[in-house]
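Participant: Listed below, chain by chain, are the residues.
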Amino acid sequence: MELAGILLVPLLASGFALLPAGRRFAAPVTLLASVIVLGVAAAVAAEAASTRAVAASGEWLACDGLGALVLLLVAFVGFTAALFSWGYIDEGVKHGGRKNVQLYYALYNLFLLSMLSVPLLANVALMWIAVELTTLLSAFLVGFEDTPEALEAAWKYVILTTLGAVLALLGFLILYWGSRIAGLEPFTWQGLVAAAPRIPPTLLWPAFLFILVGFGTKVGLVPMHTWLPDAHSQAPASICALLSGVETTTVLYVILRLFPVVGVAPGLDARPWFIGFGLLSVAVATLLFIQARDFKRMFAFSTVEHMGIILVAAGLGGVDAHLGAAYQMTGHAIAKSFCFFAAGITVLGVGTQDIAAVRGLVRTSPLAGVALLAGGLAIAGAPPFAVFVSEFAIFKAGLARGQFIVVALLAVLVVIAFCAVMLHVNRMVFGVAEHEVRAANVPRSCKLTLALAAIPLFVVGVYVPTPLYELLKAAASAMGG
Amino acid sequence: MSSSPVLFSLDALTGALFLLTALGVVATRQVLASLQLFIMQSLLLTLSAVLLGIAQGSIHLFAVAAITVATKTLLIPWLLRRTVSTEVYRTREIERVLNIPSSLLISAVLIVLAYVVANPLVGTIGIPFIKINLPLGIAAMFLGAFTIAVRREAVPQLLGLLAVENGVFFAGVAIVPNLPVIAELAAAVDVPVVALVVGILTHRIHARLGTTAVGRLATLREQ
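First to last, the sequence lines map onto chains A and B.
Residue 481 is where the first sequence ends in our numbering, and the numbering goes up by one at each step.
Residue 704 is where the second sequence ends in our numbering, and the numbering goes up by one at each step.
Hints are not guaranteed to be accurate.
[What the hints assert, rightly or not] Simulated DEER-style distance windows between Cβ atoms:
no. : chain 1 : residue 1 : chain 2 : residue 2 : range
1   : A       : 357       : B       : 566       : 54 to 60 Å
2   : A       : 56        : B       : 670       : 21 to 27 Å
3   : B       : 581       : A       : 354       : 37 to 43 Å
4   : B       : 574       : A       : 392       : 55 to 61 Å
5   : A       : 291       : B       : 581       : 35 to 41 Å
6   : A       : 458       : B       : 566       : 51 to 57 Å
For the record, the hints were derived by calculation from the structure and aren't laboratory data.
C-beta atoms are modelled at their ideal positions from N, C-alpha and C, and glycine is treated no differently.
I would like the entire structure built from these sequences, with the hints used as guidance.
Facilitator: Below, the structure is given as structure tokens:
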């Protein structure tokens, strides 16, 4: 019942935004809807964590530990981004008029709905449609600014990720074919794991590869990542936070779901593929960091890096590495959305995304400067933050399993990436300002968002509350040992 | 399951024509011809779904056929005419990255590759239609993806994308004859939405930039 409620609330809010009353009240109603969704998602997550059971409602919706974690992260960023949107969209969109804002909130809620439904839908086929809809519903949000660059980014985003989704569809059809041979009906994740040993490997294998490459495009795995820095840098900051913070994670969730399915099949080993794609993504993202010129693009590269790290962690195998992967997903969602909020208010102040044009932010606009510094440290993986702890846990788990080369490569790349990010952020925040920058007029809702988003940012790295830890453990066990 | 040799031969013929239309989409010089080839390809997909539906007595495949006709031969051309009619009807050559002979040569390689990919799967289970539909579907998929890569304009890229989708469904009707909600919903919801989103986006790009040569959009890249 709760699960259906989570999906119903954004749908109603989306409809409301299009009504005449939506002209004035779309933003507060969206915020209210996202608060309700977050509350219910937290309740579902707490239940999944404490009972380790699969919360189901009917045969259509189900949610285990991993699903509950993704659900909670999406709901959290959905809430902070809704709060951020309130002031940011009013401030940022001077042209266009009210109609545009109504469309923004209608699509915002639908986009959130599509992302929330990915971890909730029990049927694999319906889940594919939900993933595909995340692209189609967010396309106009990516192109919302209506600049040539934003439209270009939206174009690449739609064409490439839809192409990827169609490739993945063939994979799912082959998987369905295999599950029919194994006598599975209906086509659910739960059933798939159970039926996997009976699916012929000649079918399981191509299905896995089609889905990995197809959905890997949407996750931003190298070499299918080319659209990602464009879309994640051109969208409005609130949408960037959703795209980078949770949309990629939501699709990665689907790939991680495949891991236990492929893992039990005789004669197959998915782990080298996970580690290979993961390391390649981290390596290329690291190179891209060094030459980054646009700070929103830099944060987008960091998403490619983090997705790579999570994939490597999943590929290393074992409960500890999977716990690290779940922790990294959490840390990434919290820190990356925070970074894009910080980038958003920076852009409001300085009016550019060019790293070279931003110097001495801590003096001209202290809030943006401090937020950018905290966000930069958090995504690069500095000690008090969650990403540091999760990366450390992944290294430790890898060493325990004797994967010395993988861990060494990953560690070197992560350190280089850290230095590159901090070099850029350091110049932006502390450098000497070349010319006077007007003090940023930061809307109140954006300030409030930063304050709220900063709480988990600083807390989760130092102290993990017991229910969250239980949830992470439940998610790790759902990924298979 | 009756697999009469007549139906089998008819499906083989349909498959051959299906591949030809996919090649046509790669090679054609004009947008309108591209669209017409896509409609033909969709009709061939429908025909294959009907043939397999008869052979395997599957009501689901008739539903797929009906949805394909409704969305791909009626709704999508209508949508494109509504949103980007100037693009569709202007008679001029499509900008492309590669000339036609080289494109066809690469297409031939892709078709061989499709057979290599499909071969281990075909041996698994003995539904005879899979031998035709799976490799040809994958080949059409590869050709569609290749079309996206060589075309530099918005509408031809969209048609390439829809051709990829046709390829997947051409394979799909054979490998999962009792499709549950998956293909029906995907075909009914997804394809027109893709066309609508891309159509409106094309319209806006055209209004904003005065061109739909999306291949020239290269402001966003690493230096």
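Participant: Just pull the numbers of the violated hints for me, sorted ascending.
Facilitator: Hint 1 contradicted; others consistent.
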